[in-house]
Amino acid sequence: MKHGMRRQLARFLTVPHWLICAMLMVLLAGGGFPHAAYAEQPLRWGADASADVPYTFHDPNNQARLTGFEYDLMQSLGEHISKPVQFVQNDWDGLIPGLQRGLYEMVICGIEITPEHAEGIDFSIPYYVTSERIVVRRSGPTLSSLEALNGHVVGTMKATQAERILANHPQVQVRTYDEETNVFMDLVNGRTDAVLIDGPIAQYYGATNPDLQLVGEPVGTVSYGIAFAKGQNAALREQINTALQAMKKDGSLHRILARWNLWTPQAAAWADDASTPAIEPVSWNDYVAALHGSSGWRAKVARYASFLPLLAKGAVLTLLVSLCAMVLAVGLGLTLALLRLYGPAPLAALSSFYVEVVRGTPLLIQILLIFYGLPQCGLNLTPFVAGVLALGLNYAAYEAENYRAGLQSVARGQMEAALALNMTHVQALRYVVVPQAFRLVMPVMTNDFISLLKDSSLVSVITLTELTQTYIRLSSTYFDYFGTGLMVGGAYLLLGLPFVRLARMAEKKLSQPHIRRR
Amino acid sequence: MLDAQDIHKSFGDGAILGGVSLQVRKGELVSIIGPSGCGKSTFLRCLNFLEIPDRGTINAMGVTIARDGGPWRRAYEHVAHRLRTHVGMVFQNFNLFPHLSVLDNVLLAPRVVKGETGPAERDEAMALLEKVGLGRVAQRYPVSLSGGQQQRAAIARALAMRPEIMLYDEPTSALDPIVAEEVLGVMRTLDDEGMTQIIVTHDMRFAQVASDTIVYMDGGHIIESGPPEILCVNPADDRTRRFLRTVL
Numbered sequence: 001m002k003h004g005m006r007r008q009l010a011r012f013l014t015v016p017h018w019l020i021c022a023m024l025m026v027l028l029a030g031g032g033f034p035h036a037a038y039a040e041q042p043l044r045w046g047a048d049a050s051a052d053v054p055y056t057f058h059d060p061n062n063q064a065r066l067t068g069f070e071y072d073l074m075q076s077l078g079e080h081i082s083k084p085v086q087f088v089q090n091d092w093d094g095l096i097p098g099l100q101r102g103l104y105e106m107v108i109c110g111i112e113i114t115p116e117h118a119e120g121i122d123f124s125i126p127y128y129v130t131s132e133r134i135v136v137r138r139s140g141p142t143l144s145s146l147e148a149l150n151g152h153v154v155g156t157m158k159a160t161q162a163e164r165i166l167a168n169h170p171q172v173q174v175r176t177y178d179e180e181t182n183v184f185m186d187l188v189n190g191r192t193d194a195v196l197i198d199g200p201i202a203q204y205y206g207a208t209n210p211d212l213q214l215v216g217e218p219v220g221t222v223s224y225g226i227a228f229a230k231g232q233n234a235a236l237r238e239q240i241n242t243a244l245q246a247m248k249k250d251g252s253l254h255r256i257l258a259r260w261n262l263w264t265p266q267a268a269a270w271a272d273d274a275s276t277p278a279i280e281p282v283s284w285n286d287y288v289a290a291l292h293g294s295s296g297w298r299a300k301v302a303r304y305a306s307f308l309p310l311l312a313k314g315a316v317l318t319l320l321v322s323l324c325a326m327v328l329a330v331g332l333g334l335t336l337a338l339l340r341l342y343g344p345a346p347l348a349a350l351s352s353f354y355v356e357v358v359r360g361t362p363l364l365i366q367i368l369l370i371f372y373g374l375p376q377c378g379l380n381l382t383p384f385v386a387g388v389l390a391l392g393l394n395y396a397a398y399e400a401e402n403y404r405a406g407l408q409s410v411a412r413g414q415m416e417a418a419l420a421l422n423m424t425h426v427q428a429l430r431y432v433v434v435p436q437a438f439r440l441v442m443p444v445m446t447n448d449f450i451s452l453l454k455d456s457s458l459v460s461v462i463t464l465t466e467l468t469q470t471y472i473r474l475s476s477t478y479f480d481y482f483g484t485g486l487m488v489g490g491a492y493l494l495l496g497l498p499f500v501r502l503a504r505m506a507e508k509k510l511s512q513p514h515i516r517r518r
Numbered sequence: 001m002l003d004a005q006d007i008h009k010s011f012g013d014g015a016i017l018g019g020v021s022l023q024v025r026k027g028e029l030v031s032i033i034g035p036s037g038c039g040k041s042t043f044l045r046c047l048n049f050l051e052i053p054d055r056g057t058i059n060a061m062g063v064t065i066a067r068d069g070g071p072w073r074r075a076y077e078h079v080a081h082r083l084r085t086h087v088g089m090v091f092q093n094f095n096l097f098p099h100l101s102v103l104d105n106v107l108l109a110p111r112v113v114k115g116e117t118g119p120a121e122r123d124e125a126m127a128l129l130e131k132v133g134l135g136r137v138a139q140r141y142p143v144s145l146s147g148g149q150q151q152r153a154a155i156a157r158a159l160a161m162r163p164e165i166m167l168y169d170e171p172t173s174a175l176d177p178i179v180a181e182e183v184l185g186v187m188r189t190l191d192d193e194g195m196t197q198i199i200v201t202h203d204m205r206f207a208q209v210a211s212d213t214i215v216y217m218d219g220g221h222i223i224e225s226g227p228p229e230i231l232c233v234n235p236a237d238d239r240t241r242r243f244l245r246t247v248l
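Top to bottom, those sequences are chains A and B.
Here this note's numbering is used: position 212 in the first sequence is 212, and no number is missing along the way.
Here this note's numbering is used: position 18 in the second sequence is 18, and no number is missing along the way.
Looking at chain A on its own, in the form it has when it is part of the complex (with noise of 0.2 angstroms):
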């Protein structure tokens, strides 16, 4: 019984190649064509949902439903135009690129209409004009006006109209960030005096903390647009400019607005619209109420666990990301390793090329490469199958390395041995060698599954939402960084334990099989 257990294992442990290939056929195969299938294609946009709040983010009061500004004006947007509007979540950075790649026709999130914007892409008119705003510390200095900046630290979101008008004063010491929750937290800790920022953002995050104040007259003008690919579209974009204009006409763009409590005068005046029709702000009620009346430890626990469906979520596509790369990492990464130590002189060269290139470069940089850069040369992968098969060459390369090291380990004679016993040098390496060289690399192999564990924490930029992408939307929806960095620490830690026990059966089971004695 053991011994067919352990054959069993041995073949296991041996043969991984080919059911990789298998799997990366079918991987591949599902990835060749992933947006064939729809018949009647609704219309997708584009919007990083994270934490963006007022334009398009996740009701605090049920993290399942999606709200916003401009979540409600695309719905009106889409009843304007008598077709289904469907929502597509990405990464900020990753909100052009994806539009050029096709994810989605039009990207709506708080773009600014600038020259440099219009460069790279095609805008709609003007949805909604705004300013920026001052916000201040109550506790800290007053500086009602730019100019009162100089000299101050301040902070800012990346390339942004508000960063741009900074850089024209030398003086002030800009801070930028990715987050908007970031800006004002620093802002509250007194890393920064002051920020500068979208009105919407201003209001929506510095009027509602006790902390904080909006301070002196709105700073220049922004407008924000729709954003299409650069030349693609012109039918659409007349479509929904057509849509816009009736929006502003029939009162349906002010009454979103006054419901987010956004109608400002500058909105009026830009509208051409002079009418005070009674309209509530409840969302922006219903937001202001939910910050405030989550302070309780009861409210607390109560959200805390309301948060595990979506923890659950990422970590199984955590763990689902992982577990395919490594699997495709170990059988790759075998065969680099056999092929340069007992491959063809050309395939040994090669081998030894990948792991160089492959370890040289930035996780990163081959997972944007791979699913943003590869379509250009007609290869269009699904996130997910972008996003193993990045993760897996990658660590190939380490694997490769590992094995390489178990191989060279595992003693000539036994090589030797089994020649002896009439096995060809395949058989040999099968049955004999890679047996051992993989006792011997078990160890560094469960180090490395762990660490494989947290760094697809980097398949976030495209698209996907895993453990640490819910963790920022979280943390950033409830300005709670501690509570819930410790759920989700405790999640990675929870998915990663299970192996660890693993391997350290295995390891007892295998790498010293004397103590089994009978």
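Since the hints were derived computationally from the structure, they do not count as laboratory data.
Glycine is no exception: its CB is placed at the ideal position from the N, C-alpha and C atoms.
Covered stretches of chain A, as calculated for chain B (at least 3 residues, CB under 8 angstroms):
id : stretch
1  : 417-423
2  : 427-437
For the chain B half of the interface with chain A, some residues (derived, Cβ under 10 angstroms), not all of them:
id : residue
3  : Phe-49
4  : Glu-77
5  : Ala-80
6  : Thr-85
7  : Phe-91
8  : Asn-93
9  : Asn-95
10 : Leu-96
11 : Phe-97
12 : His-99
13 : Leu-100
14 : Ala-109
15 : Pro-110
16 : Val-112
17 : Ala-158
18 : Met-161
Based on these hints, arrange chain B on the given structure of chain A.
Here is chain B on its own, set in the frame of chain A:
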């Protein structure tokens, strides 16, 4: 049975074998002796192509490999493979597979090479282990066996491929004399059963008592060969005489 003609082998600049020829009859037990570095191990390893001779011809059981100094060709691999079906080998350091039990060590090659996996093979392997006195430790791992047990297991492993010729490369050099006796006992039994055996050894007593023929090598050449009662008592060559005087 086995016929090696004019075997040449060099590593880099150093010539190890300078044209060695040897014929072995069926059932013969040949001991190759000589000082360290004389090329006797290399010659033995050439006989089953673990070392590839630069030049020379080897014929074992009708399988012939001839090399004329030209490049190694893939076709040789197939011939070497056929040749090894007739030739088994035992090493100084045993080289048992540490990740397999003793029984699995014996079963592996028949299973992998010949596809024999049934209960008959298992019985046969057990019988071989009984024969070398290891029936009771069949389920144990090599690391838990003594040196003598390991070497006997290695002999059983080689016999499982049913070779007609057995090569031994200093089989008792890593063992103390008492344990070595267990191993030599097995080889005597095989000799009685008519196995053809070629042994590279430093154990003069065994060579003298058990061999049909003793071959004395020095400097990459066979100096002389003959039955022990002649070679050991009245060697023709001075070098043989000097060597025997130091070891006997």
